[in-house]
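Engineer: Sequential numbering of the sequence shown, starting at 0, is according to numbering that gives the first Met the number 0.
Keep in mind that the hints were calculated from the coordinates and are not lab data. A few of these clues could be false.
Using 20 Å as the maximum straight-line C-alpha spacing, the simulated DMTMM-like pairs for lysine to aspartate or glutamate come out as follows [said to hold, decoys possible]:
1) LYS774 - GLU25
2) LYS1776 - ASP66
3) LYS194 - ASP329
4) LYS680 - GLU256
5) LYS774 - GLU49
6) LYS565 - ASP523
7) LYS1875 - GLU1863
8) LYS558 - GLU600
9) LYS328 - ASP372
10) LYS606 - ASP348
11) LYS1252 - GLU1287
12) LYS275 - ASP343
13) LYS405 - GLU381
14) LYS1092 - GLU1287
15) LYS756 - GLU502
16) LYS592 - GLU551
17) LYS1092 - GLU1361
18) LYS1426 - GLU1098
19) LYS1843 - GLU1631
20) LYS1790 - GLU1827
21) LYS1016 - GLU1028
22) LYS415 - GLU245
23) LYS1060 - ASP1039
24) LYS8 - GLU49
25) LYS1502 - GLU1863
26) LYS54 - GLU40
27) LYS1632 - ASP1680
28) LYS1021 - ASP1418
29) LYS774 - ASP736
30) LYS1338 - GLU1074
31) LYS328 - ASP215
32) LYS1035 - GLU1015
33) LYS592 - ASP546
34) LYS565 - ASP580
35) LYS1684 - GLU1631
36) LYS1684 - ASP1750
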Amino acid sequence: MSVRELYVKGARVWLPDPDQVWRCAELTADYTGPLVSVIYEDGQGVRRTEDVKVKSEDDLPPLRNPDILIGENDLTSLSYLHEPAVLYNLQVRFCNHNAIYTYCGIVLVAINPYEELPIYGPDTISAYRGHSMGDLDPHIFAVAEEAFTQMERDNKDQSIIVSGESGAGKTVSAKYAMRYFASVGGSDSETQVEKKILASNPIMEAIGNAKTTRNDNSSRFGKYIELDFTHNYSIMGANMRTYLLEKSRVVFQASDERNYHIFYQLCSMAGEEKFKHLRLGPPASFHYMNQGLQKTTETLSGGHPDHQDNFHYLNQGSSPTIEGVDDAKDFGETCHALSLLGMDEKTQDQMFRVLAGILHLGNVTIEEGANADSSTIDSQDEPLRIVADLLGIEASDLKMWLCHRKIVSGREVFTKPMTYTEATFSRDALAKHIYAKLFDYIVTQINKCFAATAKPFRFIGVLDIYGFETFEINSFEQFCINYANEKLQQQFNQHVFKLEQEEYVKEQIEWEFINFYDNQPCIDLIESKLGILDLLDEECRMPKGSDQSWVEKLYDKCKSREHFSKPRLSNTSFIIAHFADKVGYESAGFLEKNRDTVSEEQINLLKSSHTPLVHSLFTERKQKAAPTKVKVLPTAPAPSKSKQMKQTVGSQFRDSLNLLTVTLNSTTPHYVRCIKPNDDKMAFTFDPTRAIQQLRACGVLETVRISAAGYPSRWTYNEFFQRYRVLCKSRDIKRSDMKVTCEKIIGNMISDEDKFKFGRTKIFFRAGQVAYMEKLRADRLSACGIMIQKNVRMFIHRKRYQTMRQAAITIQRYARGMAGRRRVHHMRQTAAAIKIQACVRGWVKRVQYRRLVYIVTQLQAHARGGWARQRYQHMRRVRAATIIQKHVRTWLARQRYRRVMRGLVTAQGLVRCFLARRQLRKLKIEAKSVEHQKKLNKGLENKIISLQQKLEELKSENHCIPGYKEEITTLKDHMKGVEVQLKNSNSRVIELEALVAKLTEQVELERGEKMDVLTEKERAEKENRELAERRDEEIKNLSDALEEAKKQEANKEAEAFLKRKFEAEKQQLIMENSEEKAAYQRLLKEFNRLEQKSETLEEELARVKGRNAHKRTASNVSNLSGVSDNPTELLGQDDASEFSSIMADDDIGYGSVRSRSSEVSDSSRNLENIDWSSPNKTGNSGTTELRIQVPEKPVEDITLVLQLQNKVRELEKERRTLSRKVDHLESSASPTDDPQHAQELIRLQELEMENAKLKDDLTRLRKSIAESEPQNNRVQEFMKQFEALQDELERRREECIQLRTVLANRAHDLRALTQSSYGKDVDIVNEDGELAVAYQTVKQVNRQLEDELKLEKQRHRETETEYKGELERLRKDNERQQKLLAQNLTTKGDPSSANPETLLQSEIMRLTSENLNLQGQVDSQAEQIKKYKRSLRAYAKKLKEAGGPGSKKSSAQGSPYGGDPPDLLEVGGGGGEGEVMPVIRKKEREYMGMFEYDRRDEMQIIKVLIYELKPRVAVTLLPGLPAYILFMCIRHTDHINDDDKVRSLLNNIVNGVKRVIKKRHEDLDSTVLWLSNVLRLLHNLKQYSGDKAFQAENTVKQNEQALKNFDLSEYRQVLSDIAVWIYNGVIKLMEEKVQPLIVPSILEHEAIAGLSGNKPGGMRGRAGSLARELESPVEPQKALDLLLKEMTQFYRTLAMFGTDPELITQVFRQIFYFICAGSLNNLLLRKDMCHWSKGMQIRYNLSHLEQWTRDMRLHEAGVTDTLAPIIQAAQLLQARKTDDDVHSICDMCDKLSVSQIIKILNLYTPADEFEERVPISFIHKIQAKLQERAEGEQAQATLLMNTKFAFPVRFPFNPSSIHLEDIELPDALPLSMLKKV
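Just need the whole structure built from these sequences, with the hints factored in.
Structural biologist: See the structure below:
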């Protein structure tokens, strides 16, 4: 590539300009000869043409960089590295982009903006933490981070060198660097060293900074601060070294300058009472009030000048104030900093007294004495007395030694007065010396406060030193400053060269030595032997030495030096050629400033001060001299104090500078060059002339020159390929070896091999080569663009022509079609009109006809209707008249009949009365005739009359005896059956009573079960009592009747006999009553047994059905342990099945382990396994046992058993028929009344014999069947059961026969007794009707019993019918299965004939139907069981309240376990040996929802639940289980009202949680676990607090469980605070895990291929950081997946531990805000990310997060709203940026602040040259539009988002639906000390 290829028409170059330093111009023609034709714009905007003459190609004007490189972060990334390129790039960044920092290789160039910028906050520090210098935009924090990282990685000390001229911002840069170190290296000690380091800044600024013409806060001293770090790289201490304090400023200030800030701050507090003693009082009291701008001051302050104008040392600069600076406020900050650094108020007061003394010392008036060689001070001088008072010395002594000095000559001492000039100089020297001592003292105190207790491991030094200075008059201070800069520049040049060399060696490329400026000769001129400093010290030692003699020596000794020269027109100055420029120094004052002498008498006077601080200031050196290692020669005489040689200022400065250089060389240096943009201190105003001077002076251009001499442009192979792939062909690409591919690309472009070098990982280019390649790339892209445009335009025009042609054809087609359609439409309209006319006319005629017909029809209808209504009304009137006549006539006839009947009755009555009176008269006459006879036979007649009446009654009743006899016989038959039933019932009642007693004991033990038995017993007892009362009443009635009969027949023997008979009958009735009662009890017992048996059969039937279904339901799933899978048999009482069914569905509460499920074998039993034992086969306890056995071999067929059962039913039916016949025969007439009675008896005997024969046949049949199948256990068992039933039937039949015989005999005896006593008048026995009453009573009782028996039989028959149907279905199903099985067995040998599908389908259909039926039965039975449980609980509660039957003793005796009931009861008793019984869990009692514990076990509970609880265990528990357990313990303390116990428990809980979180704060699972539990405990305290606000969703039981005695609202607040603390810890952990993934996943992840926006990079590229060569912890292509994976893991962890959904939403809202803030802050600090393609990538990456929130159902909670800022930033990068888009962009970016929008627009860089830059005018329009927003000032000034911002934490109340009484202690937690109450 030749020069002529670059200097072509259109190329832009730089031309020198006297005003702008460099001016941009454009070539108007290709360069061919010595002239270069250019065109440019002058200052007025006029375009001018000029021909520039060049001598050779080396003198050609510098080329301008491509626009794509303008504004780069690193100057070394520019293709053309030269002075105009550097200057223009800085100007563009500073003025257009408001970027004050720019990299230049290893140097950070900082331009003072003269404006506060929001780029130094904690968010900015966080953004730069962990990033190397090339990652983000240039910043002082990036340099600080680079130093801190290298210290950590390389384990080497670091240093940051901040330099620049006054006003360039050195102090601010150093301050921000230290702030960064204090933030990232925070001390772990309690002293908080980092805060003290930051607090030292206001102190040092107050005592060391002053206002100058160039800077309002200029540092007038140099300082080097070492920050000491521990092995953990946290700050442990610091040390400060100062250099060359400008002491002359204390006594003199140039125009428009000020003294040190501390004096003005102190004067601003003069009016305060605290500082009255300093007497900084009213202006009138001071001597030098007429100096300074008093009039101006009075004008500004309204006639009241400031106190600082009262002092001579403060008003010489005539600029007492600084705009925008409040000295009083700054003084407060200074005092606060002094206090923070350990200086008490007393020490501060002494310091202020010294400072005030210095001010007053300047006001001491010195006058000339009597002669010219003397001076004097007025004895009444007020400032003199004030100085003496403030410094604690005598005023007379001070007056003496200010005007005199002591001269020692031999042994004589003379006192010599000083002239006015000497006295004034002595006073000023004393003031400077005092201030210097105070300055050193404060620095020493600060170092003491910074001092570390242990030896530091590493340190980072920050050097804030003055830059190169040159003024009109340069004195000793400027000489020392420039000398220091020479030393630092030398060290800088060596370091830059070293880094360049290391880079080339590392990349293994050939390199040549680079020549750079060596300023060692200049340094030798100053510090070598016979150099300037050596000659100065020599002249200072001369008694008569002067500045003039010293200059002459310089002219003589140094004239041969290259860098030294003498001015032509001056003999008192000299010139030194420094590296930056030539500087002329005026020799006046050099010797005196170098000596820095103070009168010994004045020093001694200050040593004698009564003020401790003043005394220590001047004795400190002597105290420190003792421990120093000084070599002492014993032979040398001790010199006097006056003769001691003092080291000069120049020597001290040289030694300290050499020490500083050694320190810097031992560290890794980092450079910050501060630039002052203008001298007017205007914000963001760039003066190129001033800037270029400083760039030359600070070494930036030297760095550029060194870089340009080598290979400044550096690319990695991948980056180069991605950028310049367009310049190669596809066949040249070898993706497996990018180096070979890049070599082919470069070989085709650059022929000169010296212009590039291939390194190990990078390609190195000479200056200008990148611009050349960019030109080739732009040309290729332009050619491609033209080709694409050509084809696209061709395609567009072709498509347009085709579209127009197609449109014309279409229009023609549609036009022709429309014409045709119109013709057709006209024809259709004509035809339609004709059709419509025909239809209308026809319709009109039809309407007329229908209207006429309708009218005629209506007339006919109305006429006929009127006639019909008339006829109807006539008929109604006729019928009504007829009815009225009928009723009237009836009434008249009835009235007539009644009158006649009343007359007849009256007549009959009168006649009969007449006849009766006549008969009465006759009887009276007859009675008078036989009166005596009646008296004699009075008793006999009465008896006869009575007997006759009885005889007549007996005769009349004798006719009814046959009917009564039949009824009595029928009743006897019923009575016999009832007696049998009563006997059975009585026996059953006895058994039930025993069972009830035992069950009552079990109820006492089991707390709430089997209460139905107790209820049945109570009902039976109540009925028995009612029956006994009725019997007693009947007996009483019979007794009364017998007593009446006894009284009437007392005189007759027959009556006595009858009485005995009736007594016997009464006893018999009583006995019968008892027997009936017993029979009823047995019947009731049998009823209960049959009912229990029915329930057992139902259960067994359900088990048989469920054996094949294997459906696990709530009734057959057991949580019990210890159940064996081996076949077992269940032996239990009558209620065993009920007990087991209840226990099977027992809710044992919430288990501890979620995954624990007890695998229980299926409890289904076959119906064939039921032992149908007879009721008389009972154990010792007299209860019936139900035996279920599992046969070893299943029965193949049940048909035989069913046949036997049917046969038994038929025989039973025949037996009942015969029994009815027998009853009928017995109820027939007695043998005395019925002659056929004998025959009937004979027939009855024959029938009985026949019945016995049939029974014998049936017995033999059964035996033969049993013998035929001896192996069939079921048949054998059935036979045994049938024989037992037959024996029971025979026994009961014999009892019935005996009862009938007894009744018949008693009836016969009664009849015989009656006939023998009364003859045929047997009716006299029942003359009072007592037998009928007794009979009716017994009849009613029997009917009642009969009804109950019928009801029970009906229920039994229904149950039996149901079981028969079920057995029949099972039999058919068994036969079907056997057939299928047989078919399968037969086809097993023949695979071709096998049909397993049929078998499977049949089995599936059967199982499906069974499952449906069983499911319905299970549901209904489950509901019944639940009802029974509730009833049992209620009865148990009542029984408990009533005391319950039995006692502990009876319980112990009744239970096989004895004592308290165990938790697990074994069903069945007397099981066989070796049988494993199934274990059933005991039904839990009703708990109160609390845990009782001993206070001594409190810490053990806390240890188990809090300290030792691991997340892996907690995840298997009920979410929040520890919180539930702790709250139940709290409830118990509330229940017992123990104040100390609840306080101790709550305090231990709080302390335990805090301790666990502090110990495991880095474990996310632990923190989330306790966040969930603390919140659950908080919710429980609210839910059960009793407040109505928290009881809205509680149940009645939960409201009853509320706390009664304690108000724990304060502890709720404590728990809430702890929850907030844990929440913040969780957020911090999540942020730490997410933080390294944010930038790679959101910003760097490139999911859309082909949108890379890589641009040319320099030395400070992202891949080429010199400070950190570490790869990213996460690959960008995998980062997004890892981020989503982490988020998913966070979500699962939160959900796994039962965190409230509202809290999960808050957590991810905070995390998404952190992601947004981190990514947006990084984007705002990365220029390489701000282009449209990256905006598209970012938006695509954010869409994955939005989709994740939708997948997790978090999008509705507004979680993604926190991503709005970064989304809008991505949209802003993609949006068009024209003037028409201003409003849309402002509306779109409503979530971004003004600073953020402007920053993004400033950072926006086109991806290539074909995209235009964002115009400055557009940015200004955006800024003006955004100012209209109604935002606060802080929002407008905010640049970075606050990553520490946290949304308000809210814990919504979330009540629990879990009942406390259901909580169970898990096995995983050893909490045996807790007892559930």
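Engineer: State for each hint whether it applies.
Structural biologist: A quick look at each hint next to the structure:
no.: 1; hint: LYS774 - GLU25; result: holds, 16 Å
no.: 2; hint: LYS1776 - ASP66; result: holds, 18 Å
no.: 3; hint: LYS194 - ASP329; result: holds, 18 Å
no.: 4; hint: LYS680 - GLU256; result: holds, 15 Å
no.: 5; hint: LYS774 - GLU49; result: violated, 25 Å
no.: 6; hint: LYS565 - ASP523; result: holds, 18 Å
no.: 7; hint: LYS1875 - GLU1863; result: holds, 8 Å
no.: 8; hint: LYS558 - GLU600; result: violated, 42 Å
no.: 9; hint: LYS328 - ASP372; result: violated, 47 Å
no.: 10; hint: LYS606 - ASP348; result: holds, 19 Å
no.: 11; hint: LYS1252 - GLU1287; result: holds, 18 Å
no.: 12; hint: LYS275 - ASP343; result: holds, 19 Å
no.: 13; hint: LYS405 - GLU381; result: violated, 26 Å
no.: 14; hint: LYS1092 - GLU1287; result: holds, 18 Å
no.: 15; hint: LYS756 - GLU502; result: holds, 13 Å
no.: 16; hint: LYS592 - GLU551; result: holds, 18 Å
no.: 17; hint: LYS1092 - GLU1361; result: holds, 14 Å
no.: 18; hint: LYS1426 - GLU1098; result: holds, 17 Å
no.: 19; hint: LYS1843 - GLU1631; result: holds, 12 Å
no.: 20; hint: LYS1790 - GLU1827; result: holds, 15 Å
no.: 21; hint: LYS1016 - GLU1028; result: holds, 18 Å
no.: 22; hint: LYS415 - GLU245; result: violated, 30 Å
no.: 23; hint: LYS1060 - ASP1039; result: holds, 15 Å
no.: 24; hint: LYS8 - GLU49; result: holds, 14 Å
no.: 25; hint: LYS1502 - GLU1863; result: holds, 19 Å
no.: 26; hint: LYS54 - GLU40; result: violated, 25 Å
no.: 27; hint: LYS1632 - ASP1680; result: holds, 14 Å
no.: 28; hint: LYS1021 - ASP1418; result: violated, 35 Å
no.: 29; hint: LYS774 - ASP736; result: violated, 26 Å
no.: 30; hint: LYS1338 - GLU1074; result: holds, 15 Å
no.: 31; hint: LYS328 - ASP215; result: holds, 16 Å
no.: 32; hint: LYS1035 - GLU1015; result: violated, 30 Å
no.: 33; hint: LYS592 - ASP546; result: holds, 11 Å
no.: 34; hint: LYS565 - ASP580; result: holds, 15 Å
no.: 35; hint: LYS1684 - GLU1631; result: holds, 15 Å
no.: 36; hint: LYS1684 - ASP1750; result: holds, 13 Å
Checked against the numbered hints given earlier, the structure breaks hints 5, 8, 9, 13, 22, 26, 28, 29 and 32 and satisfies all the rest.
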